[in-house]
Amino acid sequence: MFITDSHIKEELINRKGTFSMNVQVVCNASLIFQNVVARWPGSTHDATIFTHSDLKDYCEQGELGNRWLLGDSGYPSHIKTRNTIERCIGV
1 MFITDSHIKE
11 ELINRKGTFS
21 MNVQVVCNAS
31 LIFQNVVARW
41 PGSTHDATIF
51 THSDLKDYCE
61 QGELGNRWLL
71 GDSGYPSHIK
81 TRNTIERCIG
91 V
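Sequential numbering of the sequence shown, starting at 1, is according to full-length UniProt numbering.
One thing to keep in mind: the hints can contain errors.
Said to hold, decoys possible - Derived lysine to any residue pairs resembling SDA-like cross-links, with alpha carbons at most 25 Å apart:
1. K16 to T44
2. K16 to I89
3. K56 to I89
4. K56 to G71
If you're looking for bench data, these hints aren't it; they were derived computationally from the structure.
Quick caveat, the model's predicted, so the values are computed rather than measured.
Taking the hints into account, I'd like the entire structure generated from these sequences.
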């Protein structure tokens, strides 16, 4: 990704002083991507991204049915659920 607009560059500087984006990724147990949001600066907290996502609305409307939505270390979670998304994105 090449960014030439200096205003956008400033927004992408995270708390460590490097450029980054915070990407919300949701996959299923078969490691198939279900939702990806890639538009937030790296300094944005995970909960903020979720709060402003269509996925939150989807969950609040009861569209998950009998499925569960589990989060990574930015949310209360167990190591097993974090491991699934890390395998999906290749960490």
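Each hint, compared with the structure:
1. K16 to T44: 12 Å, holds
2. K16 to I89: Holds. K16 to I89 sits at ~23 Å (cutoff 25 Å).
3. K56 to I89: 21 Å, holds
4. K56 to G71: 12 Å, holds
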